[in-house]
Amino acid sequence: MNFEAVIGLEIHVEMKTRSKMFSSAPVEFGVEPNTLIVPNDMAFPGTMPTVNRQAVINAIRVADALHMQIDEVLVFDRKNYFYSDLPKGYQITQDKRPIGRNGHLDVKTDVVRTISIERLHIEEDTCKQLHFSDYTLLDYNRSGVPLIEIVSRPDIRSGDEAMKYVEAIRSVVIYADVSDGKMEEGSLRCDVNISLRPLGSAKLGTKVEVKNLNSLANIQRAIDFEVRRQERSLLLGQPIVQETRRFDEATRETITMRIKTDAVDYKYFTEPNLTPIRLRRDFIDEAIASCPELAETKARRYLGDQGLSERDASIILQSKDLAQYYDEAARCTTNYKALANWVTGEVVAYLNKKSIPVENFFISPSQLALLVDSIERKDISSKQGRDIFAEMLSTTSSVKEAREKLGIATQISDESIIITYISEALTAFPESVEDYRDGKDRALGFLIGQIMKKSGGKVNPGLTSKLLVEELKKR
Amino acid sequence: MEFLDLTIRELHNELVKKTVTPLELVREALLRAKSDANNAFELIMEKEALNLASKLKEPEANNLFWGIPFAIKDNFSTKDVATTASSNILNGYVPVFDAAVVKRLLDAKAIPIAKTTLDELAMGGSGTTGHLGTTYNPYDRKREHLIGGSSCGSAASVAASIVPFALGSDTGDSIRKPASYAGLVGFKPTWGRISRFGLFPFATSLDHVGYFTRSIFDAASLLNILAGRDDEDSTSSEVPVEDYTRLLTTDIRGARIAVIKEVVESIYDKDIGAAFQKTLASLRARGAHIEYVSIDRKLLESLFPTYIVISCAEATSNNANLDGIKFGPHYEAPTYEGTIMQARTKGFSELIKRRFVIGSFCLMKENQEVLFLRAQKIRRMVVEKITAILSDFDVIFVPASPTPAPRIGEMSDRLSDEYLIADNHMIIGNFAGLPSITLPIGFKKNLPFGGNITGSPFAEARVLQIAKVVEDISGFYNLSTRTAKV
Numbered sequence: 000m001n002f003e004a005v006i007g008l009e010i011h012v013e014m015k016t017r018s019k020m021f022s023s024a025p026v027e028f029g030v031e032p033n034t035l036i037v038p039n040d041m042a043f044p045g046t047m048p049t050v051n052r053q054a055v056i057n058a059i060r061v062a063d064a065l066h067m068q069i070d071e072v073l074v075f076d077r078k079n080y081f082y083s084d085l086p087k088g089y090q091i092t093q094d095k096r097p098i099g100r101n102g103h104l105d106v107k108t109d110v111v112r113t114i115s116i117e118r119l120h121i122e123e124d125t126c127k128q129l130h131f132s133d134y135t136l137l138d139y140n141r142s143g144v145p146l147i148e149i150v151s152r153p154d155i156r157s158g159d160e161a162m163k164y165v166e167a168i169r170s171v172v173i174y175a176d177v178s179d180g181k182m183e184e185g186s187l188r189c190d191v192n193i194s195l196r197p198l199g200s201a202k203l204g205t206k207v208e209v210k211n212l213n214s215l216a217n218i219q220r221a222i223d224f225e226v227r228r229q230e231r232s233l234l235l236g237q238p239i240v241q242e243t244r245r246f247d248e249a250t251r252e253t254i255t256m257r258i259k260t261d262a263v264d265y266k267y268f269t270e271p272n273l274t275p276i277r278l279r280r281d282f283i284d285e286a287i288a289s290c291p292e293l294a295e296t297k298a299r300r301y302l303g304d305q306g307l308s309e310r311d312a313s314i315i316l317q318s319k320d321l322a323q324y325y326d327e328a329a330r331c332t333t334n335y336k337a338l339a340n341w342v343t344g345e346v347v348a349y350l351n352k353k354s355i356p357v358e359n360f361f362i363s364p365s366q367l368a369l370l371v372d373s374i375e376r377k378d379i380s381s382k383q384g385r386d387i388f389a390e391m392l393s394t395t396s397s398v399k400e401a402r403e404k405l406g407i408a409t410q411i412s413d414e415s416i417i418i419t420y421i422s423e424a425l426t427a428f429p430e431s432v433e434d435y436r437d438g439k440d441r442a443l444g445f446l447i448g449q450i451m452k453k454s455g456g457k458v459n460p461g462l463t464s465k466l467l468v469e470e471l472k473k474r
Numbered sequence: 000m001e002f003l004d005l006t007i008r009e010l011h012n013e014l015v016k017k018t019v020t021p022l023e024l025v026r027e028a029l030l031r032a033k034s035d036a037n038n039a040f041e042l043i044m045e046k047e048a049l050n051l052a053s054k055l056k057e058p059e060a061n062n063l064f065w066g067i068p069f070a071i072k073d074n075f076s077t078k079d080v081a082t083t084a085s086s087n088i089l090n091g092y093v094p095v096f097d098a099a100v101v102k103r104l105l106d107a108k109a110i111p112i113a114k115t116t117l118d119e120l121a122m123g124g125s126g127t128t129g130h131l132g133t134t135y136n137p138y139d140r141k142r143e144h145l146i147g148g149s150s151c152g153s154a155a156s157v158a159a160s161i162v163p164f165a166l167g168s169d170t171g172d173s174i175r176k177p178a179s180y181a182g183l184v185g186f187k188p189t190w191g192r193i194s195r196f197g198l199f200p201f202a203t204s205l206d207h208v209g210y211f212t213r214s215i216f217d218a219a220s221l222l223n224i225l226a227g228r229d230d231e232d233s234t235s236s237e238v239p240v241e242d243y244t245r246l247l248t249t250d251i252r253g254a255r256i257a258v259i260k261e262v263v264e265s266i267y268d269k270d271i272g273a274a275f276q277k278t279l280a281s282l283r284a285r286g287a288h289i290e291y292v293s294i295d296r297k298l299l300e301s302l303f304p305t306y307i308v309i310s311c312a313e314a315t316s317n318n319a320n321l322d323g324i325k326f327g328p329h330y331e332a333p334t335y336e337g338t339i340m341q342a343r344t345k346g347f348s349e350l351i352k353r354r355f356v357i358g359s360f361c362l363m364k365e366n367q368e369v370l371f372l373r374a375q376k377i378r379r380m381v382v383e384k385i386t387a388i389l390s391d392f393d394v395i396f397v398p399a400s401p402t403p404a405p406r407i408g409e410m411s412d413r414l415s416d417e418y419l420i421a422d423n424h425m426i427i428g429n430f431a432g433l434p435s436i437t438l439p440i441g442f443k444k445n446l447p448f449g450g451n452i453t454g455s456p457f458a459e460a461r462v463l464q465i466a467k468v469v470e471d472i473s474g475f476y477n478l479s480t481r482t483a484k485v
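Those protein sequences? They're chains L and W, same order as listed.
So the first sequence is residues 0 to 474, counted in numbering that gives the first Met the number 0.
So the second sequence is residues 0 to 485, counted in numbering that gives the first Met the number 0.
No wet-lab data here; the hints were simulated from the structure.
A couple of the hints might just be wrong.
Claimed, not checked - Result set (EDC-like, lysine to aspartate or glutamate): computed pairs, CA atoms no more than 20 Å apart in a straight line:
1) L:LYS15 x L:ASP138
2) L:LYS78 x W:GLU368
3) L:LYS127 x W:GLU336
4) L:LYS259 x W:GLU336
5) W:LYS56 x W:GLU13
6) W:LYS364 x L:ASP264
7) W:LYS325 x L:ASP138
8) W:LYS364 x L:ASP94
9) W:LYS108 x W:ASP79
10) W:LYS325 x L:ASP84
11) L:LYS78 x W:GLU365
12) L:LYS78 x W:GLU336
13) W:LYS260 x W:ASP391
Using the sequences provided together with the hints, build the complete structure.
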């Protein structure tokens, strides 16, 4: 029997806002535990939530990028349960009215498929637990960090597709400046719901949830494993148990965490400390309009007007910082393709070799544009360009300084000047003209050498050689 | 000297004249507090109060609160001062921040001298359920009568002239009922008029910050400094604050006053009925237009059950932070469930647990529709009805309670009109978040009782104007156990 996998994803994205979702404590990662806390983050009695405006703007931007309907009234609910990482005994989230509804995203594997997205809502993170053998430590720095949760419909059919879907969402939140999207650090977390059904059947099978997926590759691996596991069970006539499993990185298998009995009743009700906030249409429009350019839009620009190759575009877009570097340089030149070649070639090679991030790259985008333009204008040769580039990096100098240091003067590309040099040479060495006529190609090299010498190496060699041949023919 | 028998304004005049200093006033207040026989205090802030008072040298003529001692209900967060909300689960909890209202009063250089008792976590109306036991009504030296709650200690300390004013909170009628039993002015302004930041929440959508004073002028002047937007409480209002003392007037000609017929009819106490009618007649004589209005009895009878559902539901969530993990008594256990269960089992009284069970039950998925959401619908119906009445009248005036302070342990019949309607009608003010004030209108034997005036949202000035006239009519200005001639 052939089975079809039915997969839905829940993605949590930690937002890198300046302050927390409902408190004024700063948001920062990797700092000393319990140093970024105000009384609200530990649920001291009498503390009250206030909504982080930037977090709402961020959620609107992501919702819009995912083609969602945006609710014009912001309503928060309480999700009530007791847990050691939940200081208030409830989490403020959006249950009945998520800020975004009914979106979709195109995902390209062998084919392009549209994945429907059910909802996007805003909520707050819990505190971080560090478990030891006989005690647990709590770090409240994470308590209250703004989150968005994006819930897909069960439209995904394979591990590959799931991975591409998460990759696309990750790109949106990174480019929209909402999150750093680092899965390995938990900034983007993904839970997978997966069930199998006979191909062609409309009825859903028993659902298994897989947690703890901390990389794109692991999402695919976990799903592929889970599909095989469920398939095997079904073929053996064993029923699928409704449970939560986690992916074990070492064995690359999913293992049972807990069997799900009845769903927990979270006793949701509207958060009474935050009266519904009407989001003005112009506020929503402005949030969207001011959203930093997304990768998809950049790609259209690169492949369209700027005429880059798909390869170059995709290399540039792999990193938001590299794309930003390219964009800044592209504002200083119109030689986009040449610029892209330099960025994806020399620049990336250098960054990789030295393993430094592009934001620490010494050569500024405008300097790189200047260098590219000089080559394209044939002021200098490509070889000279690379020499200058190397000189700039080794002596942290500007294009101009490097060029002076290397003694690379401006090339002469003016034809009338070059012809003057050629005429002088032909007059001075008539025997070489004779030799050329006799078919001795050596004479051509000699004459060019003389012209170079005379001009102090400034004439454009390619152009000179072309003009010389023409002049010789005239004689 | 007996300076503390005076009102805030009177004390202020003495302070400005330098007939008394803040330090002398605070010493007198501390002395009275220490000899309190009514179990009004959780904690007397002797060191802190003396320290603050000793710093105040030059009187501020334009600041009514300079050097004035006051008391704080122990469900307001006070920096570095233990705050328990009269519950064992918060024993030893020392907050790191001041509630917004405490901060405003400190900024005005008023001097807190004590934290006062309350019904545990402000859930209760008797003043008998706090972890220190019953708080007594100072009007009864035999200590047989309630003062009412939940703001029992604050009411007792103002009624006994230990302080001229005290902060309270009001979720059902927790300021206005004890004000009636203790012969005080008890005021809760509109929901959102005063920041709730730092008030330990009981039922957020019903909780109000308010206070007890012994005069309407003092009530108005307190509103002047406590009202206003606070960014830490996003439900606090941007509506401009008025000068409430300047707007006080004795001229109420043309004022339209509604009396709820069913409430008055549910009061069987002849003395209360007579005092109320007498007050109405005097108001009429001063040019007010008085009219009886009717509210469906069924709606009035559902006030209490609706209140129980909503308040318990919100309370169970609001108090879920009390888990023994972050503050309060901590119990080691092999699992987090064990720690939480021990803290909550040992920390809450049975009454509190019962409320949490009710609240949880009402929020359960299968019950939300028939209990919690239905209660919300009834609340909306009440609000619509009262809004309709107030669109035609300046205020609603009714007796604040069906009886003077009841005897301790005396339970009224919870299904009677007297209980369901006359004892619970002030909940309307919480459902609709309306400005509502109780003030004394009479005595029965040695026990005072009050009337209650409720107005439209943010119409505090109008409510205070009419209350001022009622105060003039009754003559119960600056009423306390030390000044009452009974």
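Quiz item: Of the hints given before, which are not true for this structure?
Solution: The structure conflicts with no hint, since it agrees with every one listed earlier.
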